[in-house]
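Turn these sequences into a full structure, and let the hints guide you.
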Amino acid sequence: MNELLTWLTDPANWSGTAGVPNRLLEHISMCGASVLAAMLIGLPLGLFIGHTGRFANAAINVANVGRAIPSYALLVIFLPVALSLWPDPTSALNIVPTFIAMTALAVPPILVTTWAGIRGVDRDLVEAGRGMGLTELEILRRIEVPIAIPVIVGGVRTATLQVIATATIGAILGGGGLGRFVVDGFHNPGAPAQLYAGALLVALLAIAVDGLLAIVQRALTPRALRGAIGREAAYDTAALPEASSA
Amino acid sequence: MQPGQPLINFQWIVDHLGAIWTATVQHVELTVIPVVLGFVIALALSIWAARRPIVYGPFVTLGGILYTIPSLALFAVLIPITGLSLVSAVIPLVTYTILIYLRSIVAGIRGVAPDVIEAAEGMGYTSRQRLTRVELPLAVPMMITGVRLATVTTIGLVTVASIVGGSEFGGYGQLITEGLQTLFPTKYLLGAALSVLLAMTADTLLVRFERRVTPWARARSAV
Numbered sequence: 001m002n003e004l005l006t007w008l009t010d011p012a013n014w015s016g017t018a019g020v021p022n023r024l025l026e027h028i029s030m031c032g033a034s035v036l037a038a039m040l041i042g043l044p045l046g047l048f049i050g051h052t053g054r055f056a057n058a059a060i061n062v063a064n065v066g067r068a069i070p071s072y073a074l075l076v077i078f079l080p081v082a083l084s085l086w087p088d089p090t091s092a093l094n095i096v097p098t099f100i101a102m103t104a105l106a107v108p109p110i111l112v113t114t115w116a117g118i119r120g121v122d123r124d125l126v127e128a129g130r131g132m133g134l135t136e137l138e139i140l141r142r143i144e145v146p147i148a149i150p151v152i153v154g155g156v157r158t159a160t161l162q163v164i165a166t167a168t169i170g171a172i173l174g175g176g177g178l179g180r181f182v183v184d185g186f187h188n189p190g191a192p193a194q195l196y197a198g199a200l201l202v203a204l205l206a207i208a209v210d211g212l213l214a215i216v217q218r219a220l221t222p223r224a225l226r227g228a229i230g231r232e233a234a235y236d237t238a239a240l241p242e243a244s245s246a
Numbered sequence: 001m002q003p004g005q006p007l008i009n010f011q012w013i014v015d016h017l018g019a020i021w022t023a024t025v026q027h028v029e030l031t032v033i034p035v036v037l038g039f040v041i042a043l044a045l046s047i048w049a050a051r052r053p054i055v056y057g058p059f060v061t062l063g064g065i066l067y068t069i070p071s072l073a074l075f076a077v078l079i080p081i082t083g084l085s086l087v088s089a090v091i092p093l094v095t096y097t098i099l100i101y102l103r104s105i106v107a108g109i110r111g112v113a114p115d116v117i118e119a120a121e122g123m124g125y126t127s128r129q130r131l132t133r134v135e136l137p138l139a140v141p142m143m144i145t146g147v148r149l150a151t152v153t154t155i156g157l158v159t160v161a162s163i164v165g166g167s168e169f170g171g172y173g174q175l176i177t178e179g180l181q182t183l184f185p186t187k188y189l190l191g192a193a194l195s196v197l198l199a200m201t202a203d204t205l206l207v208r209f210e211r212r213v214t215p216w217a218r219a220r221s222a223v
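Chains as they are written, first to last, in this note's numbering: chain A, 1 to 246; chain B, 1 to 223.
No lab work stands behind these hints, which were simulated from the structure alone. Glycine included, C-beta positions come from ideal geometry on N, C-alpha and C. Be aware that a few hints might be false.
[As the list claims (entries may be wrong)] Ranges of calculated distance between the beta carbons of each label pair, as one might list FRET restraints: (1) I207/A with D15/B: 42 to 50 angstroms; (2) T132/B with G120/A: 25 to 33 angstroms; (3) L205/B with A58/A: 39 to 47 angstroms.
[As the list claims (entries may be wrong)] Selected chain B positions facing chain A (Cβ under 7 angstroms, derived; list incomplete): (4) T68; (5) T159; (6) I176; (7) D203.
What follows is the structure in structure tokens.
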């Protein structure tokens, strides 16, 4: 514990490329880019299958398979591709495989919760909208999305938490981010403080980002629906249609 | 990767079938132990916590915090305490599975319709009978959901454990880690492919099992 405090208060650990601020920035950019990419894939797809009901089974099954794939395996599967595209190891090793693996990790929770959120909207409301002459896009935009938004943002929160914690293993391939402290700390048994500090920083970052997203979730939710918002186990249960419908 | 070296060296695979089998056995072992052990512990905890928000709340909070700690760090932290033994891998793995189970089992018990509970009470069931004859059987589908989630999560975590476990634990992850260290694509790609295969096979088998024990769900899940 004392060693950890010494490490965290040592100015040398707070400056330069290998300092906490830079590693934190690297971690945030990597995770932010991956979650954004996953949102660009998962949100439109989830809205489409949720609204139309078409291809829902196929998409959910693919998402479930995607969830079963170990991230560490995904990370190295793309390594030879990245190496052949960017032979300079400092660029390819650092970013691309981790980015792809983290995006793949984040798509299933976003896709599945978006679908589940839209599907959970009372069909009578949708019919009422249709009766009032709203187009399908208007129904989606003005009825389904506002009602489903807490669930959808909940999915993004789950995905973000997973990505922040998992991006740590990107450091195995020589990438930056807070994982560097964990991996280097482990390979240097004389200085366990670095490992603990890395783990602590990742956890703190995750908790802080999750808190921010909770505020976003609340702000995006229509006032009338703000009663009970929480990141419930929506993803865990929604992802498995057989069980959740039983 | 050396220039001119093929991406996959099949001869190496054939020559190392023994080691690959050992890794397979270890990976399955390291998955089954936490999945079974975690279930037993979580079932007891869930029964205790299901109707007590005071108990369940802190569990969920604790679980949320634990999930933010990178698994890699959790494995590494235990090495100085428990050494390079299977125990160092099993403790974090069991902890993760307990958290997954706890949520799904409690959701299953709480999800039982109030009408059903009332009917059981009307029939004069004691609270213990209600639990064993009504609530737990009706929570079975959610329990299997939990087993599925716990199994694929554990398979993934075992590969990560290899980073700190050296040759002691890590199953297929060991092939990945050693392959990366020696820049030998055949080895790390094989480890990655086999761990993906194992996760998918386990998931498929559990889905089949799920359908078999909950035939009513199939009729209802008109996705």
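Each hint, compared with the structure:
Between I207/A and D15/B the beta carbon distance is about 48 angstroms. The supplied range of 42 to 50 angstroms therefore holds. Remark: the range hint 25 to 33 angstroms for T132/B to G120/A is upheld by a beta-carbon distance near 32 angstroms. Taken as a hint, the range 39 to 47 angstroms is violated for the pair L205/B and A58/A, whose Cβ atoms sit roughly 21 angstroms apart. Residue-level restraint check for T68/B holds (minimum Cβ-Cβ distance to chain A is 4 angstroms; threshold 7 angstroms).
Because the closest C-beta pair between T159/B and chain A is about 4 angstroms apart, less than 7 angstroms, the hint holds. A cut of 7 angstroms between beta carbons decides the hint on I176/B: the least distance to chain A is about 6 angstroms, and the hint holds. Here the hint on D203/B is kept, as its CB sits about 5 angstroms from the closest CB of chain A, short of 7 angstroms.
Hint violations for this structure: number 3 only, all remaining hints satisfied.
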